[in-house]
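Participant: Here is how the chains run, residue by residue.
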Amino acid sequence: MNLTEEEKRFLNDDSAPSRRKAMEILTALGTIYGAGKLITVSSVQISGVSYDNLGEAGLEFLAQMADGGGKACVLTTLNPAGMDIEAPQALGISAEFAESQRKVIDAFARMGVVTTCTCTPYLAGSLPHFGEHIAWAESSAVCFANSVLGARTNREGGPGALAAALTGLTADYGYHLSENRVPTIAFKVETRLAGTQEFGALGSVIGKALEKAGVKPLPYIHGIPVASLEELKSLCASLATFGGTALFHMEGITPEANQYTAPERTISVSRQDIDFAIQSLCGSAPSAASSTRLPDLYSLGCPHLSLNEIAQVARLLEGKQVKKEFWITTARLTRDAAERMGYAAIIEASGAKIAADTCCVVAPIQGRFETLVTDSAKACFYAASKHRFNTRFLPFEQVIAEVLA
Amino acid sequence: MILNGRCIFRGQAAGQTLCTSMGISFFGGVDPDTGVVVEKGHELFGQSIAGKVLVFPTGKGSTVGSYTLYRLKKNGVAPAAILNAECEPITAVGCIISEIPCVDHLPQTLLSSGLTVRIDAGQGIVEILSGRIENQ
Chain A
1 MNLTEEEKRF LNDDSAPSRR KAMEILTALG TIYGAGKLIT VSSVQISGVS
51 YDNLGEAGLE FLAQMADGGG KACVLTTLNP AGMDIEAPQA LGISAEFAES
101 QRKVIDAFAR MGVVTTCTCT PYLAGSLPHF GEHIAWAESS AVCFANSVLG
151 ARTNREGGPG ALAAALTGLT ADYGYHLSEN RVPTIAFKVE TRLAGTQEFG
201 ALGSVIGKAL EKAGVKPLPY IHGIPVASLE ELKSLCASLA TFGGTALFHM
251 EGITPEANQY TAPERTISVS RQDIDFAIQS LCGSAPSAAS STRLPDLYSL
301 GCPHLSLNEI AQVARLLEGK QVKKEFWITT ARLTRDAAER MGYAAIIEAS
351 GAKIAADTCC VVAPIQGRFE TLVTDSAKAC FYAASKHRFN TRFLPFEQVI
401 AEVLA
Chain B
1 MILNGRCIFR GQAAGQTLCT SMGISFFGGV DPDTGVVVEK GHELFGQSIA
51 GKVLVFPTGK GSTVGSYTLY RLKKNGVAPA AILNAECEPI TAVGCIISEI
101 PCVDHLPQTL LSSGLTVRID AGQGIVEILS GRIENQ
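Those protein sequence lines, which keep their order, are chains A and B. For the first sequence, position 128 matches number 128 in the numbering used here, and the numbering has no gaps at all. For the second sequence, position 54 matches number 54 in the numbering used here, and the numbering has no gaps at all.
So that you can see chain B by itself, here it is in the shape it has in the complex (with noise of 0.2 Å):
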């Protein structure tokens, strides 16, 4: 199945899925060393983003976050692609400093944890390969 969203920022990027209803806050809420989440109450707290496909409606907090994409990119631990249902500037400039591929007005409700997805967010397109397809 093939979604069309929005492109934020340019590249392509295939991967496994990391979903979450919730909000993210980079700065201070992920560690930016390991890609761990660490903000407590958090859907993902303990898991790691890196190499992922990170699936949120909208991020949140401070605007140092966009930082921490970029130090999650030069520590190796950035997601591969991030896809929204809104972004916001915090996550889009930290996508762009960074070069995370990143796409939004996507539809969350088809999009949860563990698909294999495959990116060109140049285009706009989210291209679903294999696993499992909610809500259809």
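For reference, chain A alone in the conformation it holds in the complex (with noise of 0.2 Å):
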């Protein structure tokens, strides 16, 4: 790989450790990647945030590395933690969990990292613009940011983010260059979709096709008309979480698509292959029997809920009581605008639970519940992959009315 003079003297400087590191990491991948150069970032996410996830050598690691004097040269955010870390009593959290977790984010606060912990950072001061690059893992923002947004991004490690944080750069190859990004196969939407349960299903259905298809999971994706931002939030999370998908192209909807024809290879998608694949995220878990479970956790905010969802759920629990264990999750921005809104305080005066920087796929709750209730395919994966829950995938709205049955 080719360096500049200066970032070869970064290579070597033992005076700051943690930006030597960084650059080792930086260097090797782009090695085994086979890039010819770093180049600078704008902006960074780093995933690898929840104590459950990183365990004491991550945290430790963390440590080191705020230590040894890292600190972030551009805009750098955090994925979700596993609790609210205004508030971790709220969700049930222990006291020792939540002093690991205080740690971690005190390990990146220390190496000037916004401790704002979201999966959206698009929606919480994070935006890049079209062509821009970054360095973003969290892998559902990355889809979002590369698809929907036209930046680039690979799906970076945890370690790999912080690296790029502390140095501003990454190694130039994959979706960083154009050649990359040219759509592998299509894929005609023969149905009309509606909500952010429906999207995700559709991610589903795509990510098990490119498997199946053994091609690069690359979409072209035409046939639908309308899509919002919730929905198209949905969709990314579910394409990376079963498809592995770090950029797709919508016609009339992404800014890149224009750019291509769609691929010859054309997989139909119909009405069929979403209600089969809703009810597939419906399943059980084999789980271990435990006589602390509570039956059921009802939860919304996977990916992080819009303000807009916000207000939605506010709209439809006004005056109510909830009658199930009921978490909303969200940015801490975001939250601090519900509470501006009057929405939290409506939610809240339900008895639902308004958690932010956290969500049910990162916060410690295996073994807690039976079943967890969502409209995120990709939440419904994580419960039952890792947290052994049985899932039931419902749309937003139904969600919402059976926490109220």
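In case anyone wonders, no lab produced these hints; they're calculated from the structure. Glycine is no exception: its CB is placed at the ideal position from the N, C-alpha and C atoms. Incorrect hints may have been included.
Capping the alpha-carbon separation at 30 Å, the derived lysine-lysine pairs in DSBU-like fashion look like this [to be verified]: (1) B/73 with A/103; (2) A/37 with B/60; (3) A/188 with A/208; (4) B/74 with A/208; (5) B/60 with A/216; (6) A/386 with B/60; (7) A/8 with A/71; (8) A/320 with A/37; (9) A/103 with A/386; (10) B/74 with A/71; (11) A/386 with A/208; (12) B/40 with A/212; (13) B/40 with A/103; (14) B/40 with A/208; (15) B/74 with B/40; (16) B/73 with A/386; (17) A/37 with A/71; (18) B/60 with B/74; (19) A/71 with B/73; (20) A/353 with A/324; (21) A/386 with A/323; (22) B/60 with A/212; (23) A/8 with B/73; (24) B/73 with B/60; (25) A/323 with A/353; (26) A/386 with A/216; (27) B/73 with B/40; (28) A/386 with B/40; (29) A/103 with B/74; (30) B/74 with A/8; (31) A/320 with A/353; (32) A/386 with A/353.
Listed next, the stretches of chain A that the computed footprint assigns to chain B, with coverage defined by at least 3 CB atoms under 8 Å from CB atoms of chain B [stated by the list, open to error]: (33) 19 to 28; (34) 58 to 72; (35) 360 to 366.
Which residues of chain B face chain A? A few of them, derived with a C-beta cut under 10 Å, are [said to hold, decoys possible]: (36) 72; (37) 73; (38) 86; (39) 98.
Grab the two chains, each in its own frame, and use the hints to assemble them into the complex.
Facilitator: If you want it as structure tokens, here you go:
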């Protein structure tokens, strides 16, 4: 790889050990992926924030990087943590976990990372523009940034993203290069989709078909006349989860789509395919029997809810009482806006819980519930595989209707 | 005999090789407290990688595996060095954050378990000092 004189100096500079370590990570990744050089990035999104995923080793590494003088030199935000940073007890998080999680957040804060913990940084102050190079790690946000915004990022791992933050650089390969953004296979959606649940189901249909087709997971989707921010957010999370997709093009919707003609190889997506996917996402997990389990967790907010969605939740809950454990997860900034608008007060008066900074995928809730009920295809996948819950996959409004029933 | 590979992470090491033709998932596949391979059905199942020059084709599994290598190092049971056919990001990042010398692009057929080797990873050099050499 060709490095500039300054980059070479950083790579050998013992006086800045964390920056040196970051350069070593970037140059090794560049070597493995055959990058010719490093390029500057304008923002970074770091994954591996929940202590539930990091463990003690991850925390020690982050503390070491902070101790070594690591400082973020571009706008850097964090993925959801394992708890609401300001109210860990609200979701029944143990004091011990909360202490470890705080140490993780402190290490990031010492490195100058903005500790807004959200999987939707594009709704919380980090909004890259078309063609901008970034280094993001959250898979759903990577898919959103590449596809919906037209920014350019690979799917970074946690340490790779941190390395990008501490240097403002990333290796120039993969989705940073135009030749790697060409769609490989087309999907023709032959049914009208509506709502986050159906767009999530589409993501699982396409994701599984991509795996079967054995092509690079870069689909060109047509047949969708209109899609909301929330529907695209849901599709991105699901495509990334089920297909490993970091980039798709959608005719008439995403900004790069008109640069390409649809690939000849086309797979049709029918109403039957969507309905089948919805059924498949409802399932029973082989669960360890536990008398301490609560029956059901109802949750909206994977990815984190937008302000619009929170307004909708408030409208549906206003003046009513929930009869189930119901968590609404969102970004801290969105929560603050929801408070300003009075939505948070309405929701909390109903008995539902709004948690910021966290979500039901990364919170340490394994074994606490029997079943997760949600509108999120991604959350269903992780509830089954990570937490060993049963899953029920319902439309957004129906989740709320059941919570009230 | 001297083998020339590609430096993934610098450093010098010497020790006995432990080889497998199977990929290794450090997360879930290796006990971070003992260094023993715990993946059922793995060729190295039950063997310790602690202090060994670990030779395997490539890594696999969860990206959290990078942190498992870090934990192995902190617990004093990390491999002395890692030699791969084709290194991937999980192993590479794990070696870098744990300061484990790592070289790839090596002809795996020339390496077998029980060799004594000396490694200068920065130069991509693996020197076989003694032991059996297969396929020669």
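Participant: Work down the list of hints and note, for each, if the structure agrees.
Facilitator: Structure-based check of all given hints:
1. Distance hint between residue 73 of chain B and residue 103 of chain A is fulfilled; the C-alpha atoms sit about 21 Å from each other, no more than 30 Å.
2. Straight-line distance between C-alpha atoms of residue 37 of chain A and residue 60 of chain B comes to about 26 Å, which keeps the hinted pair within the 30 Å bound.
3. For the proposed pair residue 188 of chain A and residue 208 of chain A, the alpha carbon gap of about 15 Å is at most 30 Å, so the pair holds.
4. With a CA separation close to 39 Å, the supplied pair residue 74 of chain B and residue 208 of chain A exceeds the 30 Å bound.
5. Our distance criterion of 30 Å between C-alpha atoms is met by residue 60 of chain B and residue 216 of chain A, whose separation comes to about 19 Å.
6. Of the supplied pair hints, the one linking residue 386 of chain A and residue 60 of chain B holds, its CA atoms being roughly 18 Å apart against a limit of 30 Å.
7. A threshold of 30 Å between alpha carbons decides the hint, and for residue 8 of chain A with residue 71 of chain A the separation of about 19 Å falls inside it, so the pair holds.
8. Of the pairs offered as hints, the one joining residue 320 of chain A and residue 37 of chain A is violated, with about 58 Å between alpha carbons and a cut-off of 30 Å exceeded.
9. As the CA atoms of residue 103 of chain A and residue 386 of chain A are separated by approximately 24 Å, the hinted pair is consistent with the 30 Å bound.
10. In summary, the hint linking residue 74 of chain B to residue 71 of chain A is supported, as the alpha carbons are separated by about 24 Å, within the 30 Å threshold.
11. Taking the CA atoms of residue 386 of chain A and residue 208 of chain A, the gap is about 19 Å. The hint holds against a cut of 30 Å.
12. With a CA separation close to 27 Å, the supplied pair residue 40 of chain B and residue 212 of chain A stays within the 30 Å bound.
13. For the hint pairing residue 40 of chain B with residue 103 of chain A, the CA-to-CA distance comes to about 35 Å; that exceeds 30 Å, so the pair is violated.
14. For the suggested pair residue 40 of chain B and residue 208 of chain A, the alpha carbons sit about 27 Å apart, so the restraint of at most 30 Å is met.
15. Proposed proximity of residue 74 of chain B and residue 40 of chain B is supported: the alpha carbons are some 25 Å apart, at most 30 Å.
16. A distance of roughly 26 Å separates the Cα atoms of residue 73 of chain B and residue 386 of chain A; the hinted pair therefore holds under the 30 Å criterion.
17. At roughly 22 Å between alpha-carbon atoms, residue 37 of chain A and residue 71 of chain A fall within 30 Å of each other, so this suggested pair holds.
18. A distance of roughly 22 Å separates the Cα atoms of residue 60 of chain B and residue 74 of chain B; the hinted pair therefore holds under the 30 Å criterion.
19. Under the criterion of a C-alpha separation no larger than 30 Å, the hint pairing residue 71 of chain A with residue 73 of chain B is consistent with the structure, at around 25 Å.
20. Distance check on the hinted pair: residue 353 of chain A and residue 324 of chain A sit about 11 Å apart at the alpha-carbon level, within 30 Å; holds.
21. Between the alpha carbons of residue 386 of chain A and residue 323 of chain A the distance comes to roughly 26 Å, so the proposed pair stays at or under 30 Å and holds.
22. For the suggested pair residue 60 of chain B and residue 212 of chain A, the alpha carbons sit about 20 Å apart, so the restraint of at most 30 Å is met.
23. The hinted pair formed by residue 8 of chain A and residue 73 of chain B meets the criterion: a straight-line CA distance of about 27 Å does not exceed 30 Å.
24. A hinted pair counts as satisfied when its Cα atoms are at most 30 Å apart, and residue 73 of chain B with residue 60 of chain B qualifies at roughly 19 Å.
25. The hinted pair formed by residue 323 of chain A and residue 353 of chain A meets the criterion: a straight-line CA distance of about 12 Å does not exceed 30 Å.
26. Between residue 386 of chain A and residue 216 of chain A, the direct Cα distance comes to roughly 26 Å. Compliance with the 30 Å bound is thereby established for this hinted pair.
27. For the hint pairing residue 73 of chain B with residue 40 of chain B, the CA-to-CA distance comes to about 23 Å; that is within 30 Å, so the pair holds.
28. Between residue 386 of chain A and residue 40 of chain B the alpha-carbon distance is near 20 Å, which keeps this suggested pair within the 30 Å criterion.
29. A C-alpha spacing of about 18 Å is found between residue 103 of chain A and residue 74 of chain B, which places the hinted pair at or below 30 Å, so the restraint holds.
30. Taking the CA atoms of residue 74 of chain B and residue 8 of chain A, the gap is about 29 Å. The hint holds against a cut of 30 Å.
31. A hinted pair counts as satisfied when its Cα atoms are at most 30 Å apart, and residue 320 of chain A with residue 353 of chain A qualifies at roughly 14 Å.
32. With a C-alpha separation of about 22 Å, the suggested pairing of residue 386 of chain A with residue 353 of chain A holds against the 30 Å cut-off.
33. Requiring three or more residues with a Cβ within less than 8 Å of a Cβ of chain B, the coverage given for the region 19 to 28 of chain A holds, as 4 such residues are present.
34. Counting residues of the region 58 to 72 of chain A whose beta carbon lies closer than 8 Å to any beta carbon of chain B gives 3, which meets the minimum of three for the stated coverage.
35. Evaluation of the coverage hint for the region 360 to 366 of chain A: breached, as 0 residues show C-beta separations to chain B shorter than 8 Å, against a requirement of three.
36. Here the hint on residue 72 of chain B is kept, as its CB sits about 9 Å from the closest CB of chain A, short of 10 Å.
37. Taken as an interface hint, residue 73 of chain B checks out: its beta carbon lies about 9 Å from the nearest beta carbon of chain A, inside 10 Å.
38. Taken as an interface hint, residue 86 of chain B checks out: its beta carbon lies about 8 Å from the nearest beta carbon of chain A, inside 10 Å.
39. The beta carbon of residue 98 of chain B comes within 9 Å of a beta carbon in chain A, closer than 10 Å, and the hint placing it at the interface holds.
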